[in-house]
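Keeping the supplied structure of chain A fixed, place chains B and C upon it in accordance with the hints.
Protein chains in written order, with my numbering: chain A, 1 to 336; chain B, 1001 to 1237; chain C, 2001 to 2434.
To be clear, the hints were calculated from the coordinates, so they are not data collected in a lab.
Backbone N, C-alpha and C fix where the C-beta goes; we use that ideal spot for every residue, glycine too.
Don't take every hint at face value.
[Claimed, not checked] Calculated lysine-lysine pairs in the DSS-like style (CA-CA distance at most 27 Å, straight line):
no.: 1; chain 1: A; residue 1: Lys106; chain 2: B; residue 2: Lys1064
no.: 2; chain 1: A; residue 1: Lys311; chain 2: C; residue 2: Lys2208
no.: 3; chain 1: A; residue 1: Lys332; chain 2: C; residue 2: Lys2142
no.: 4; chain 1: B; residue 1: Lys1017; chain 2: A; residue 2: Lys105
no.: 5; chain 1: B; residue 1: Lys1110; chain 2: B; residue 2: Lys1081
no.: 6; chain 1: B; residue 1: Lys1130; chain 2: B; residue 2: Lys1110
no.: 7; chain 1: A; residue 1: Lys105; chain 2: B; residue 2: Lys1072
no.: 8; chain 1: A; residue 1: Lys106; chain 2: B; residue 2: Lys1072
no.: 9; chain 1: C; residue 1: Lys2182; chain 2: C; residue 2: Lys2110
no.: 10; chain 1: C; residue 1: Lys2218; chain 2: A; residue 2: Lys241
no.: 11; chain 1: A; residue 1: Lys286; chain 2: C; residue 2: Lys2208
no.: 12; chain 1: C; residue 1: Lys2182; chain 2: A; residue 2: Lys311
no.: 13; chain 1: C; residue 1: Lys2218; chain 2: A; residue 2: Lys332
no.: 14; chain 1: A; residue 1: Lys241; chain 2: C; residue 2: Lys2208
no.: 15; chain 1: C; residue 1: Lys2208; chain 2: A; residue 2: Lys238
no.: 16; chain 1: B; residue 1: Lys1130; chain 2: A; residue 2: Lys332
no.: 17; chain 1: A; residue 1: Lys311; chain 2: A; residue 2: Lys165
no.: 18; chain 1: B; residue 1: Lys1110; chain 2: B; residue 2: Lys1064
no.: 19; chain 1: A; residue 1: Lys165; chain 2: A; residue 2: Lys286
no.: 20; chain 1: C; residue 1: Lys2182; chain 2: A; residue 2: Lys286
no.: 21; chain 1: C; residue 1: Lys2142; chain 2: A; residue 2: Lys311
no.: 22; chain 1: A; residue 1: Lys165; chain 2: A; residue 2: Lys287
no.: 23; chain 1: A; residue 1: Lys287; chain 2: C; residue 2: Lys2142
no.: 24; chain 1: B; residue 1: Lys1017; chain 2: A; residue 2: Lys107
no.: 25; chain 1: A; residue 1: Lys107; chain 2: B; residue 2: Lys1072
no.: 26; chain 1: C; residue 1: Lys2114; chain 2: A; residue 2: Lys332
no.: 27; chain 1: C; residue 1: Lys2218; chain 2: A; residue 2: Lys311
no.: 28; chain 1: B; residue 1: Lys1110; chain 2: B; residue 2: Lys1128
[Unchecked claim] Covered by chain A, per the in silico footprint, the following chain B stretches (three or more residues, Cβ under 8 Å):
no.: 29; stretch: 1072 to 1081
no.: 30; stretch: 1085 to 1091
no.: 31; stretch: 1094 to 1104
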Amino acid sequence: MDFLNAIVTLSNFVLIPAIAYGSQLALGALGVTLVYGILRFSNFAHGDTMAFGTMVVILFTWWFQSMGISFGPLPTALLALPFGIAATALLMIGTDRVVYRFYRKKKSEPVIFLIVSLGVMFIMNGLVRFIIGPGDQRFADGERFIMSARDFKAWTGLKEGLAIKTTQGITVVVAIIVVAFLFWFLNRTRTGKSMRAFSDNEDLALLSGINPERVVFYTWLIVAGLATVAGTLYGLDKSFKPFVYFQLLLPVFASAIVGGLGSPLGAIAGGFVIAFSEVTVTYAWKKVLGYLMPEVLEPSGLVQLLATEYKFAVSFVILVIVLLFRPTGLFKGKAL
Amino acid sequence: MAEPFLIGDTMTGGYGKGPDILHECTVAVDKGEIAVIVGPNGAGKSTAMKAVFGMLDVRSGAVKLDGEDITKLSPQDRVLKGMGFVPQTHNIFTSMTVEENLEMGAFIRKDDFSETMEQVYDLFPILKEKRNQHAGELSGGQRQQVAVGRALMTQPSVLMLDEPTAGVSPIVMDELFDRIIEVARTGISILMVEQNARQALEIADKGYVLVQGRNAYTGTGKELLADPEVRKSFLGG
Amino acid sequence: MTDQTKTYAMFAMVAVLIIGTGFVQSWNSALFILNMGLISAIMSLGVNLQWGIAGLLNVGIMGFVALGGLATVLISMPGDREAWAAGGSSILLGLLIGAVTIVGAIFASKRLAKGMARTLVIVAIILAGFVLYRMTFIPAVKAVEAVNPATSGYLGGLGLPVLLAWPVGGLFAAGAAWVIGKTALGLRSDYLAIATLGISEIIIAILKNEDWMSRGVKNVIGIPRPLPYEIDLQNDPSFVERAASLGLDPTTASTLYVKIGYAGLFAVVLIVLIWLSQRALNSPWGRMMRAIRDNETAARAMGKNVTARHLQIFVLGSAVCGIAGAMITTLDAQLTPASYQPLRFTFLIWVMVIVGGSGNNLGSVLGGFLVWFLWVQVEPIGLWLMQVITAPMAEDSALRAHLIESAAHMRLFTMGLFLLLMLRFSPRGLLPEK
Chain A
1 MDFLNAIVTL SNFVLIPAIA YGSQLALGAL GVTLVYGILR FSNFAHGDTM AFGTMVVILF
61 TWWFQSMGIS FGPLPTALLA LPFGIAATAL LMIGTDRVVY RFYRKKKSEP VIFLIVSLGV
121 MFIMNGLVRF IIGPGDQRFA DGERFIMSAR DFKAWTGLKE GLAIKTTQGI TVVVAIIVVA
181 FLFWFLNRTR TGKSMRAFSD NEDLALLSGI NPERVVFYTW LIVAGLATVA GTLYGLDKSF
241 KPFVYFQLLL PVFASAIVGG LGSPLGAIAG GFVIAFSEVT VTYAWKKVLG YLMPEVLEPS
301 GLVQLLATEY KFAVSFVILV IVLLFRPTGL FKGKAL
Chain B
1001 MAEPFLIGDT MTGGYGKGPD ILHECTVAVD KGEIAVIVGP NGAGKSTAMK AVFGMLDVRS
1061 GAVKLDGEDI TKLSPQDRVL KGMGFVPQTH NIFTSMTVEE NLEMGAFIRK DDFSETMEQV
1121 YDLFPILKEK RNQHAGELSG GQRQQVAVGR ALMTQPSVLM LDEPTAGVSP IVMDELFDRI
1181 IEVARTGISI LMVEQNARQA LEIADKGYVL VQGRNAYTGT GKELLADPEV RKSFLGG
Chain C
2001 MTDQTKTYAM FAMVAVLIIG TGFVQSWNSA LFILNMGLIS AIMSLGVNLQ WGIAGLLNVG
2061 IMGFVALGGL ATVLISMPGD REAWAAGGSS ILLGLLIGAV TIVGAIFASK RLAKGMARTL
2121 VIVAIILAGF VLYRMTFIPA VKAVEAVNPA TSGYLGGLGL PVLLAWPVGG LFAAGAAWVI
2181 GKTALGLRSD YLAIATLGIS EIIIAILKNE DWMSRGVKNV IGIPRPLPYE IDLQNDPSFV
2241 ERAASLGLDP TTASTLYVKI GYAGLFAVVL IVLIWLSQRA LNSPWGRMMR AIRDNETAAR
2301 AMGKNVTARH LQIFVLGSAV CGIAGAMITT LDAQLTPASY QPLRFTFLIW VMVIVGGSGN
2361 NLGSVLGGFL VWFLWVQVEP IGLWLMQVIT APMAEDSALR AHLIESAAHM RLFTMGLFLL
2421 LMLRFSPRGL LPEK
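Only chain A is shown next, with the shape it has when bound in the complex (with noise of 0.2 Å):
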């Protein structure tokens, strides 16, 4: 039994990616969670709002770079994140002004707003690959490893090598600081209270003079910092490319409905309960367990529950657990 060396490729191969891809979700799927809270609506053009916002900081990126403007060890991308930002809030408050606002003066049904935001989802994405193409982009630079297999064994001198790549570094500080931001917001300010209550009880805080276009306002633009920086934090991690984006859009979806959708508190729950699941379904055990067992119960196959492409499969189907045996989900959001 050699326990180090399992508890290592453990780390490797599944918590610190599992840790990863969960804080890009959790990001993700606090946008969603937001506007259905505050705005009242699933909005399915999130994922491409995600894939809009990583494209104008990869665009900028390759400007900083051709200018020879870098971070250090750092990915340069992180520098053109608040342009990003930028563009996406300018481009998520026009949508608003042009095609959502028509529809909450009318005081439609929700599901009207869902199929909204599909035609908003294929104008993006089309303006997506319109503009930068339906391929794959890596942008990331700057140093790959915070700390590389190799230096990890050479230091502990063990058979399995742990690697930290710099863009997982990255995401979970940036998702922490991110977080710790927003609840802030959320909980220590003015506005942030008025969106609070304004999720609460919406004819209550008109009643307060809580005004309502600006907590939409403000809504989107914290939206679109948060698509933004998931987005941004997945590609600089695995790649950018519009069609995943759009994929991306269930395990976002299940990670805000299984934490609660409208719980900030939740989505980020969710997103780990997600990631988690997703990354441990799909993982070839055979090698933790080639370490824990004896060797005469050492698994001949590879140990793998599902195969990797039943990776969404797999939020699917806490998706449907959870909406039959709990629907509000874990931190009891808005459900019915």
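Same frame as chain A, but now just chains B and C:
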């Protein structure tokens, strides 16, 4: 008699484009007094109050606050003029703490409202005790206190309450009425719709009995309580 | 103009568009548009049943369509004896074990009292079932996929006439819809939307990965068809003679014959479905469904079992989509799981239903034709437009190349724009609900 502080004068109107619910209905309250609107179910009590607050289409008649005609103002503007309104249901932010509820009540204020908050805590000591608890976790009576406290944060000159004791136990109802009297003593005029007619009229300076959107009986609380007609019809003899 | 006149006028306009294509581009193009238009019309009809009549938001149409395609393969392709011998029975056994496990777990959860004991029993059943399933299933799958992987590598089908696959496709889709409906109906429409999206992604993933079933991404080609092959027609002297008498060469004549043949088949299915849908819509059942849609609370108060009715409609609408899926695969004569893209199918159908007129059967049919026509024509028109716009630019300008290349992507953009414009200015569609 001097002009009442707040008066909804001969109001006729209904919701949206619907039929008239109120027919030449008048309700008023003098400064520092408690006026109560009672009547059978469907009499238009809440409707009358909503008309005074501007949530209704008043097609004839007027609403005046301190001599000023406010018939055309929106509810939010009336809040700015010094009216406070406590709806019957969904009148607190359940996911926010008691203190946050009070903060939201003071949202339109640009000045420092900490003194007002202290006053509210003095009026409702239990709220001070539970200031950091989520309002949704409180009991029915306590939630009503949060609701009233929230409305008081704008330092209104008149406070309107829509069936404040709906759904609470008799003991809690007594306590709520005590608190309402305390509020009136601070100089705030109270206009209240109540289902529990007897208890409400006992604390009322002025009472209005509405039937089918019209004034049926008007008088002081005591007068109405003593009136045999009123007693027979609405107070159970 | 009266409703009837308007309906005729709209359909006449679409006919003109398609015939116009025939003259301006080619008859083959026109017939291609017509055939896919017919199938799209059927799919919109199915979606309209769910949305227009019952108010159910199904975002996973593609999954049901794919099941129809699967049915085509499983019904009409010849079985591979070698593969069956290698592992067919074990695969079936494995699937049976899986089904029994699931049923057992559900049974246990319903029959046993709540508590730790029940949870343990369920977990034990699932674990045991899972292990047994993998023990039988995995080696069998490997064996089957090892048989002639280049040309086969799968179990094949039943070798029955391909037209049989169409109703079977409907059945497959109905089955899947029943399962999803049982789980997700009765919840908010948003949740139903997500659930249907998820299930369609899973169905596609299964099609792409389970090679033993339908070759996965290796695709199944050469699916039998209900009409003669062009080659055979060209080699048939009597056919050539008749073609010559119409002034057509054998090649063109054969392709036209086949396409018109398909058009005829599809049209028959469409007309039958329209007739059934109209009967249903105007029946007491249909009126009740719409009453439920318009005021669910009142309907529940009156004792109507709303969820059961919703399940009925959901299953029926999905079955129609399944039939359409089988038809598409028959037309293509191949099953290509990679072509089932959510963007292309699901949302396009939604545009069709909304543009045509949700709640109106003929409206969705119209929408199917019209939007499909636009979808096909947007690309050449967009390309032409882009070339016109970039004409003043330098011949080798990178921007020009990029713009022209990207013109293809404007399809989605245009569709989205179209959807938003319709929702905003004409939300009830071209042929509104009566």
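So, going through the hints one by one against the coordinates:
| no. | hint | verdict |
| --- | --- | --- |
| 1 | A:Lys106 / B:Lys1064 | violated (32 Å) |
| 2 | A:Lys311 / C:Lys2208 | holds (13 Å) |
| 3 | A:Lys332 / C:Lys2142 | violated (45 Å) |
| 4 | B:Lys1017 / A:Lys105 | holds (18 Å) |
| 5 | B:Lys1110 / B:Lys1081 | holds (14 Å) |
| 6 | B:Lys1130 / B:Lys1110 | holds (26 Å) |
| 7 | A:Lys105 / B:Lys1072 | holds (21 Å) |
| 8 | A:Lys106 / B:Lys1072 | holds (23 Å) |
| 9 | C:Lys2182 / C:Lys2110 | holds (15 Å) |
| 10 | C:Lys2218 / A:Lys241 | holds (23 Å) |
| 11 | A:Lys286 / C:Lys2208 | holds (25 Å) |
| 12 | C:Lys2182 / A:Lys311 | holds (24 Å) |
| 13 | C:Lys2218 / A:Lys332 | violated (45 Å) |
| 14 | A:Lys241 / C:Lys2208 | holds (20 Å) |
| 15 | C:Lys2208 / A:Lys238 | holds (23 Å) |
| 16 | B:Lys1130 / A:Lys332 | holds (22 Å) |
| 17 | A:Lys311 / A:Lys165 | holds (22 Å) |
| 18 | B:Lys1110 / B:Lys1064 | holds (26 Å) |
| 19 | A:Lys165 / A:Lys286 | holds (24 Å) |
| 20 | C:Lys2182 / A:Lys286 | violated (37 Å) |
| 21 | C:Lys2142 / A:Lys311 | holds (21 Å) |
| 22 | A:Lys165 / A:Lys287 | holds (21 Å) |
| 23 | A:Lys287 / C:Lys2142 | holds (22 Å) |
| 24 | B:Lys1017 / A:Lys107 | holds (17 Å) |
| 25 | A:Lys107 / B:Lys1072 | holds (24 Å) |
| 26 | C:Lys2114 / A:Lys332 | holds (22 Å) |
| 27 | C:Lys2218 / A:Lys311 | holds (21 Å) |
| 28 | B:Lys1110 / B:Lys1128 | holds (23 Å) |
| 29 | 1072 to 1081 | holds (count 4) |
| 30 | 1085 to 1091 | holds (count 4) |
| 31 | 1094 to 1104 | holds (count 6) |
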